[in-house]
Amino acid sequence: MSVQFEVNGKNVEVEVEPRLTLADCLRHHLRLTGTHVGCEHGVCGACTVIVDGAAVRSCLMLAVQAEGAEIVTVEGLSNDDDLTPLQKSFRKHHALQCGFCTPGMITTAHVLLSEEPDCDAARVREVLSGNLCRCTGYISIVEAVLDARSAYGRKDDAGDRARERR
Amino acid sequence: MRTVNSLIGSAIERLEDLRFLRGRGQYVDDLARNDMLHAAFLRSSVAHGRIRSIDVSAARALPGGIPDSGATLDGWGGLHPYGRNITLKASAYWPGWDIARDFSFLPDGSGGYVLDGWGGVHSFGIGGARPATAQLTGWPANVTPCRNVAAPSANGSISRSLTSIPPSGA
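Top to bottom, those sequences are chains U and F.
Under numbering that gives the first Met the number 0, read the first sequence as residues 0 to 165, first letter to last.
Under numbering that gives the first Met the number 0, read the second sequence as residues 0 to 169, first letter to last.
Just chain U, with the same shape it has in the complex:
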């Protein structure tokens, strides 16, 4: 069946089987392979995309459910010229190694920081608990997200860095 939605600011219309997941639709039909499929049952978070502003596992959502939605993938959070502040922070803190979980980390962290730029380390850990990383051990990822808060309008820059770095 035909489904229409917006991906990274562009309107798309795709002809899909009703059983097709949004993840496979993005990867195979729209060739947006930045969204990764790891576990295919909502555990690993690698397929996380942003649907109408919320971080959503695209392997647990059917493409037909995206009718009329605004979807942003990791490609939509990137540009050709330079890394974004969030991406720069990931690079600086070595918050990735193999890179497979990274698109899900970026989308999840982007939603968190957009809504809660003043979040603390405990909150970052809570939100990222839905994203598995087998390379880093998470410490560097949490630091990268915390360090990127200023780019999202963090008010409390004085903060309690000592506690967060513990």
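Residues of chain U placed beyond 12 angstroms of chain F at every Cβ, according to the derived structure: (1) VAL50; (2) GLY52; (3) ALA68; (4) SER113; (5) GLU115; (6) ARG124; (7) LYS154.
In silico contact screen, one side only, chain U against chain F (beta carbon under 10 angstroms); selected entries: (8) THR32; (9) VAL73; (10) LEU76; (11) THR83; (12) LYS87; (13) PHE89; (14) PHE99.
Listed below are several chain F residues computed to face chain U (Cβ distance under 8 angstroms; list not exhaustive): (15) GLU12; (16) GLU15; (17) ASP16; (18) LEU17; (19) PHE19; (20) LEU20; (21) ARG21; (22) GLY22; (23) ARG23; (24) GLY24; (25) TYR26; (26) ASP29.
Read the hints as simulated data drawn from the structure, not as lab findings.
The C-beta atom is built at its ideal place from N, Cα and C for all residues, glycine as well.
Model the placement of chain F on the given structure of chain U, informed by the hints.
Chain F alone, transformed into the frame defined by chain U:
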């Protein structure tokens, strides 16, 4: 502290981060090539099930699909023929239940060889006697197990990838 060189103590930015962070990594599943044939692994839904036949008609009906006849290899070394004029009479299993890595057919269609996961080469026959390869089976001393098996040439000699394994009697 004596400075040994400028790299020690410096943060080195990784080049691959630029593509990984922007969703431009090229993992195997991301690749798309012309005339690419995809493989999918079907996991057994039952324990100790026996494959009686495999219907590949749907796969063959796809544009640019699979060859008219051939055989599929299961994870336990079972060979399952499909298509025309192939009847496999040899047992799909052999002692030890080794896991197969590769197989090839003799050019005259009389049979072929299966390579197990530990480097053993096992013959099988199609519709008749097995080709003679007993001396190739097993682990020769001081030889690294081979990684794949090539089709023997028309005169019956074994191709190079197998001659690297001397007969166990030698």
